[in-house]
Every structure is written in C-alpha cells, then in structure tokens.
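*Asks:* Protein chains in written order, with my numbering: chain F, 1 to 654; chain L, 1 to 233.
Calculated from the structure, these hints are not laboratory results. If you're wondering where the values come from, they're calculated on a predicted model, not measured in any experiment. Here a beta-carbon is modelled for each residue, glycine too, at the ideal position from N, C-alpha and C. Heads up, a few of these hints could be off.
[To be verified] On the chain L side, residues computed to face chain F include the following (Cβ under 7 Å):
hint, residue
1, Ala45
2, Gly53
3, Tyr54
4, Ala55
5, Ala59
6, Leu94
7, Ile119
8, Leu122
9, Tyr125
10, Val126
[Claimed, not checked] Away from chain F, derived, C-beta distances all over 10 Å, residues of chain L:
hint, residue
11, Gln35
12, His38
13, Tyr79
14, Arg82
15, Pro96
16, Asp97
17, Val189
18, Ala192
19, Ile198
20, Met206
21, Phe210
22, Thr212
23, Glu220
24, Ser227
25, Arg228
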Amino acid sequence: MNTPEPGAGRRGFLKGSLLIGAAGLAPAAGGSAADAAPSSAPHKPPSAGAAVPTEARAQRETGWLDTDPEPQAQVRNPGSDFMVDLLKRANVQYVAATPGSTFRGLQESIVNYGGNRNPEFISCVHEEISAALAHGYAKVAGRPMACLVHSNVGLQHASMAIYNAWCDRAPMMVLAGNALDAATRRPWIEWLHAQTDVASLVRDFVKWDDTPVSLQHYAESFVRAYEISMTPPHEPVLLVVDSDLQEHAVEDPGKLRIPRMGVVSPPAAEPEAVERAAEMLVAAQSPLILADRVARTPAGVDLLVELAELLNAPVVDRGGRLNMPTDHFLNQSGRQQALVSTADVILGLELTDVFGLLNAMPDLPVRTPRSLIGEQTKVIAISANYAYMRGNVQDVQRFFAADLTMAADAQACLPQLIESVRRRLRPEKRAAVSAREAPLRIAFRDMRAAAASEAALSWDASPVGTGRLSMEIWAQIKHLDWALVSSAGGASQWPQRLWDINKHHQFIGADGGYGMGYGAPAAAGAALAHRDAGRIPVAIQSDGDLMVLPGTLWTLAHHRIPLLMVMHNNRAWHQETMHLQRMSSRRNRGVDNAHIGTVLDDPAIDFARMAQSMGVWAEGPITDPERLAPALTRALNIVKSGRPALLDVVTQPR
Amino acid sequence: MPLRPLRHLFWASLVALPAGPALPQPQAATIPAGQAQHGRALYQAKGCYQCHGYAGQGASATGPALAPSRLSAPGFAAYVRRPGGQMPPYSAKLLPDAELAAITAYVQSLPRSRGAAQIPLLASYVVATNRSPQAPTARARPARTGTPAVAIAAPVAAVGAGVYRGSCSACHGGELQGGAGPSLRGGPVRSAEQVAAIVRNPPAGMPRLFPTPLSEADVEAVAAYVSRTAARD
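With the rest of the complex left out, here is chain F (with noise of 0.2 Å):
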C-alpha cells in the first residue's frame, strides 16, 4: 500500500481530511454505532484508548480513497486546452457565457490553462446577454467573440440575440456545450441537456455550423468558421463542442494541427456590372446614393465620401453602420422623401430593404404599395446578401426588380466604382457635377437647421424632450473620444440629426432584427471593445429593452466596462400603445384603452435603484431638463474613471 508522503499538498490533505472523518463516521474498535453517526456537536479528539482506523481500513471504508501517485481521476491534457489554443491562435479576446456544465471543461481551460486572458470569461446572467454582447463588441472591434452556450436551453435563450446579428450581419463564434455520446452522458441532467442536432435549433440564422467529432476535426471547423463569419456578409456561425471532447485527454498531441488562418477576399462583382453602373451614375442628372451597412471599415467611409464627391451625389444613410459622415454636406439622410422622389439614377449599398425605401405602403387596413420614384428612374443594388439568403426567415424582405443587381460586398466594390467613375467625367460633365455642390450644401444646412427648429419645440418640457436629451449629451462629450454605442430609433434619431459623426467606430447602428432587448448588451459588448481603445462609449437606453436583460448592469458592474447610460425612459412600449391606439381606431372602440398592456407605468420601474443593487453608479429619475447637464457631468465623471453609470431620465415618447 501506498504510504501518503509527508507533505504532500493538495493530496495529502484531501487523504488527512479524510482520516480524520472516517475517524469520526465510522465506529473505532469497541465503539458503537452511534458513536459514528455523524454530530453537530464539535468534533472531540478520539478517547484515550481508542483505537485509530488504519488507513487501509478507511479505504475499504471509503472505497475512493486514492493513494496512487499518479491518480486515475486527474486528467492531464484535455482536449478543451487545445480548445483554448484555437481561440488564442484567432485572437479572440473575450468569451462571454452565463455557467453550463456542458462546457465546464472549456470554460476550466479558459481560466486556468489560458489564464483568463485573450480571452478573458465574461460572465452574463443570461445567455441573450452573452450573444447581443458579442454582437454590439464585433461592430466596434470589427472580429467576432466567442459567445459559449449551454447546449439546447442555453442556445434557447441565446437564439434571439443570435437572430439579430444574423439580420444585422455581425460576425459571432457561438459554442454550444453538448454531451453527444448517449453511453457517457450522466443519469437526468445530461439527457435533459442535450440534443441529438443542437445546432438546428438555430440553423436558419447562422451562416454555418458544425458537429466535430475530433479535436483534428473541430481545429479545421474552428478555423473555417472564423473565416465564414468573417466573409462577407459577416453572420453568426456555430459550432458544437461535445464534452466528452472537452473533457477526455488528448491522445496524441504530436498529430494536432491548427490549420493557417487566413483572410477571405470579399466578394467583388463583375467588372463589366460595374462599368454598366458607373456609366448610369455619370449620366444622372439627379443621382442618389442609398446606403445601409456599406461600411465594414473605416476605409469604407473614405470610400463613399469619395464616391459622393465624386459626383455630388447626396448620400442619405440608413444607419445601419456610420458609413456617411453626418457633418458632411452630401449626408442628407434627413430629405430622404424628396430626395428619393427626385433621383434618377439611385444606388443602393448593402440596403436592406430596398422594396420598403423605394415605395410607400402605410398600415392601413387595406395596403396597396405605392411606389415613390419615378418610371424612368433607374435601380443599382449592390449587397453581398443576394449570394446568401434563407427560405424560412423573411428578412430577405419583399422583392425589388432593380435595373443591375450585383451580389457582391459593395465596400469591396466601391474602388473599381470609383475609378470607372473617374475616368467617365469629361469636362463638361464635371462642370455639370459641379454645379450640383451649391444647393445642396444649401440644403444640408437648412436639413439640420430644421432638426434644430424641432428640438427646440419641447426644449423645456417636462418629462424632458429627446431633443433637449441628445443634445445635452452632445454637449458634454463632443470634446472627448466618444463613441454612440446604441441607436436612437426611438428618440427620434437625434445623434445622426444633430451630432457630427465622422469616424467608424462612432456609431454601429442597430439591432437588426429589431428583438427587443438587444440595447443594453449590445452596449455593454461595443462599450467592452471601446475600453480597450480608451474610449468614452455612450447609450441611450429605452426603458423596455432594458427590462428584457436588466442583468446586463451586473456585467457591465463585475468586469468594469465603462459606458454612460442615459435612459430614454417614457414608461411604456410606446410603440405598442400607438398600435393598440390604430387597432382601437380603425375599430372604432375603446382608444381610451391603448395603455392596457402597453405601459410601464404603476409602479413606475425606479431604474436607478435597480442599477445601484447591481453596482452601476447611479441618479434618477430626472424629470426636470435642467437638471440634466449637472448629472451628466457627475455620470460622466464616473465613466470616465473606468466604471459604468446609468441615468434615469423620464422623457417624451419620441
């Protein structure tokens, strides 16, 4: 038998414990049987006498006590550190995942065998939190994270959030726990957990997914899952990772290889297309540019700045990305409606909806689309979504017959665009080109000046105007390294309005899908990629997506990521209430009704309070607008050290 060596650590004490409890269950020789049962008295040194259980007894006792050096239950090895090294070879710097036992092995890895750095475990309470944070943090940092789920329940909770990058073209390496092998899998639990095609829960919004069933096999599908998501158009993609996988050790080391990753060229369009477009462009008298999520890089909005240059082509952007800058002359996104009845030639970049910019159909109980543009008007659509669409979900949006339709990523486009453009603009047509400049620098002035005019007209209402709020906010941080890591959809868009956004990373549009909840964590994932820059990140958060993942707050409080949170709080799913308002209308019954199921209202949610029992900073409600700029300036303060604050500010509805 094995004699324990003195000293011996973590082993030794586990096997001293064990004596000294075996001494106390089990009956010493000429002990009776109660004297082993177990007490809640303290623990009394064995009598005098009293003979000590060997410890060959206490073994036969035990049964598990192991006092072989080399333990059968330690695992040296296991798969999930090669795991790990996949995701440190793809530079992923952050997993985020609310615990599961189905990838207990890969999150031990990430902690101790990676150390907890690149990636660090960020811990969400909510599975929803952990995949719209790793959206909102791939729009900033322009590469996906890791977002780790735990099997079918856990991917359940994450599915909507995953739609949502799916809608928005975010890239993302979802990794669901499974337990695959039904003879390994532990009684109940793991049953219950588990399921034979995990990834079909999910399948019709992620670009791709797989099943390895080797450590061999999950380093190639990791790697061609990165690149997948990583090409155009960027989508969530998945892979399972089966414990067993996880846990056993791997068993021949020498014979692992991590294939080279590399970069996927986007896809460009034909050449010939593109020569057919720049030849429309420069024979349009009244061109117009339509843009959605064209910029994927910071080079992406050089590019169209160049291009609407080029042709004084007034830009409106549908802000799906920042990819026209708003303090630019040619962004004219506020005269969307004329502009767009006007053009002749329109070109549209990674639209999402082209059918729903170009035509007019109110909801109204009978909907006949009207088209906005005129017959003679000619159509572009570039997007690399026409190479990738699904049958089952319909954000594919309704068809539009364009006049040249090219699938391809427009961003990867736009200098051969540019240089055809180029080279087609003879003198006199420059000329023409030039005389557009005037009226329209005309027009962007009178655009914001008319912004302005409106958020004057509840400047000093109570509960605050969007208006007033926005432009508080911009006050305060238009002199530091900001960045708007939330949309203002709701708040009537003043930030594209009024702020001067110029750079990328300053604005990341939306949700996409519009699944309510994305907000808050998306914020708290681009705020987590802006800490790394240095930046000041700012949300405006509506009440009601926060209520749907309130956790977030915990997060954003635990891991320390600084982001100013000011509430766009009008007490209600406001959007709601005006449906419920039509429906009673067109009913013509009941309008006093409309809040019935539609507010957030009695109690009225005390969201500072909330987010102080989670350890954000913060103030509120504030229902007075001249309290606003003090508290700004006390919540920035906070942000700035390096922390999160929250401000409840009690507003008009849009």
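Using the hints provided, position chain L relative to the given structure of chain F.
*Replies:* Frame of chain F; chain L shown alone:
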C-alpha cells in the same frame, strides 16, 4: 366616455408647457376658461400625446408638431375626423364634438417655444435669414464643418425658404410633399402671384397668416419660393 385612470392625470401634471411668447391666435379670446385645461386631460386620454408629444412638439417618425397651432379650429377638427396618412381617425363615437372642441382649444393654447436661435445648444445650427420684424429672426453663426457661412442679408430666395420653413412646412412638408395639408408638388403650375393670392385669402382649413404673422414682403417671398420650387418637378 370613462374617465382616465389617475396615473394619466399624474402625467398631465408633469407636462410643462414650453415657455415663450404666444402667437396671436384668432380664437384665443373665445376659449372658455378651463376648456384648455380639460382639453389637456383629453389630449392625453385620447392618445394624442403618443404621436404629437405631451408638449405638442411632434416627432419625425410619428406625427407633426401641433404647437404653435397653424390650423383654424374648423380645419383642425376636420382633420381629426378625417386625417391623412397613418393617423387613426377619431369618430364622434370615440371623440364627441364637445371633447374635440376642448382638445382643439388646448392645442390652440400651446405657446410657441423659444426657438432654436434662442437656445445656446442649438443656435449654431440656425442660419440667418432676412426676416420681417413680425417673425422671429435667427442670426447667422459661423458655419460648422462642411457648411458655408451665410451672410445676414440673404437674397429673397433664402427669405422665402425661411418663411416657408417657419410657417408652411408644418402642414405642407419640408419639401412641399404635403402632410396635414396638400402637396404643393405635381399639381397645376401656379405663378407666384397666384400662390400669394391663396396665402392672402386661404381656403377653408388653411390658417390665415396675412397680415399677421406674415408681412407683404414675406408673402411675396414665400410665394416666389413655392412657385419656383414646385415648378422644378
């Protein structure tokens, strides 16, 4: 109609009407005492605030500003009964005439806001126009990046555009595309003189803006602007 729940009255108490001088309102003297207050409660109970805001400021995605009121009382009431666009109609069953009158009174009582030019955080966006003394005047500020500075003595075209923006766009749209009022594009081509005549003697439903707040010069400028802009189509 049942009374609104107490919490809506709480919301009503929170609404602070925007400060600033009130526009001359043709019917202000005839609004019975308390009717505007009653109208404010109804404005919220009937859901008007949802699209037009508690202060009547409107929102780009939901509905135009109602303050300052531009429509006559009959015009306002007529539009509520038979609105254009996506505004839900309010029948007499949903909104009896007496309640509609109270809401109309409330909307007409809403004062003009300070104006962007008087607000430091907004003033730099507002460009100078050569306005008449009756209308608020914005002073030019140094242009922001990408926009040219504009001289205070702007040409007549700019005056007309400014008058249109301040007095006409709420109903006819910022680009003459229509809204609460009809589109000014695509219809019969009218000369500046014809447009001016309409402004001086408006049809039923259109507010009377001359001789106040618009001067003769303002009318001529906006008529020239509308005629020329509409003719470009």
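*Asks:* Now tell me, hint by hint, if it's right for this structure.
*Replies:* Hints, one by one, checked against the model:
1. With a cut of 7 Å, the hint placing Ala45 (chain L) at the interface with chain F holds, because the nearest CB-to-CB distance is about 5 Å.
2. Below 7 Å, beta-carbon pairs count as interface contacts, and Gly53 (chain L) has one with chain F at about 5 Å; its hint therefore holds.
3. With a least beta-carbon distance of about 6 Å to chain F, the hint placing Tyr54 (chain L) at the interface is held under the 7 Å criterion.
4. Annotation: Ala55 (chain L) was flagged as interfacial toward chain F, and the flag holds, the nearest CB pair being 4 Å apart, inside 7 Å.
5. Among the interface hints, the one on Ala59 (chain L) holds; its C-beta lies about 4 Å from the nearest C-beta in chain F, closer than the 7 Å criterion.
6. The interface hint given for Leu94 (chain L) holds, since its Cβ lies 5 Å from the closest Cβ of chain F, which is under the 7 Å cut-off.
7. Checking Ile119 (chain L) against chain F by beta carbon gives a least distance of about 6 Å; that is within 7 Å, so the hint holds.
8. Because the beta carbon of Leu122 (chain L) sits about 4 Å from the nearest beta carbon in chain F, less than 7 Å, this interface hint is met.
9. Proximity of Tyr125 (chain L) to chain F holds as hinted, the smallest CB-CB distance being about 4 Å (cut-off 7 Å).
10. Because the closest C-beta pair between Val126 (chain L) and chain F is about 5 Å apart, less than 7 Å, the hint holds.
11. Non-interface call for Gln35 (chain L) relative to chain F: holds, since the shortest CB-CB distance, roughly 19 Å, exceeds 10 Å.
12. No beta-carbon of chain F is positioned within 10 Å of the beta-carbon of His38 (chain L); the least distance is around 15 Å.
13. No Cβ of chain F comes within 10 Å of the Cβ of Tyr79 (chain L); the nearest lies about 14 Å off, and the non-interface call holds.
14. The beta carbon of Arg82 (chain L) is kept farther than 10 Å from every beta carbon of chain F, the shortest such distance being approximately 12 Å.
15. The Cβ of Pro96 (chain L) sits about 12 Å from the closest Cβ of chain F, beyond the 10 Å cut-off, so the non-interface label holds.
16. Distance check for Asp97 (chain L) against chain F: the nearest CB is about 16 Å away, which clears 10 Å, and the non-interface claim stands.
17. Interface exclusion of Val189 (chain L) from chain F stands, the closest Cβ pair being 17 Å apart, more than 10 Å.
18. At roughly 20 Å, the least C-beta separation between Ala192 (chain L) and chain F is larger than 10 Å, which holds for a residue marked as non-interface.
19. Remark: the non-interface label on Ile198 (chain L) is consistent with the geometry, its nearest Cβ contact in chain F lying 22 Å away (cut-off 10 Å).
20. Listed as outside the interface, Met206 (chain L) is consistent with that label: its C-beta sits roughly 21 Å from the nearest C-beta of chain F, beyond the 10 Å cut-off.
21. Against the 10 Å criterion, Phe210 (chain L) stays outside the reach of chain F, whose nearest CB is about 22 Å from its own CB.
22. The claim that Thr212 (chain L) lies off the interface holds: its Cβ sits roughly 20 Å from the closest Cβ of chain F, which is beyond the 10 Å cut-off.
23. Every CB of chain F is more than 10 Å from the CB of Glu220 (chain L) (nearest about 20 Å), matching its label as outside the interface.
24. In this structure Ser227 (chain L) is separated from chain F by more than 10 Å, as the shortest Cβ-Cβ distance comes to about 17 Å.
25. With a cut of 10 Å on Cβ distances, Arg228 (chain L) stays outside the contact zone with chain F, its closest approach being about 12 Å.
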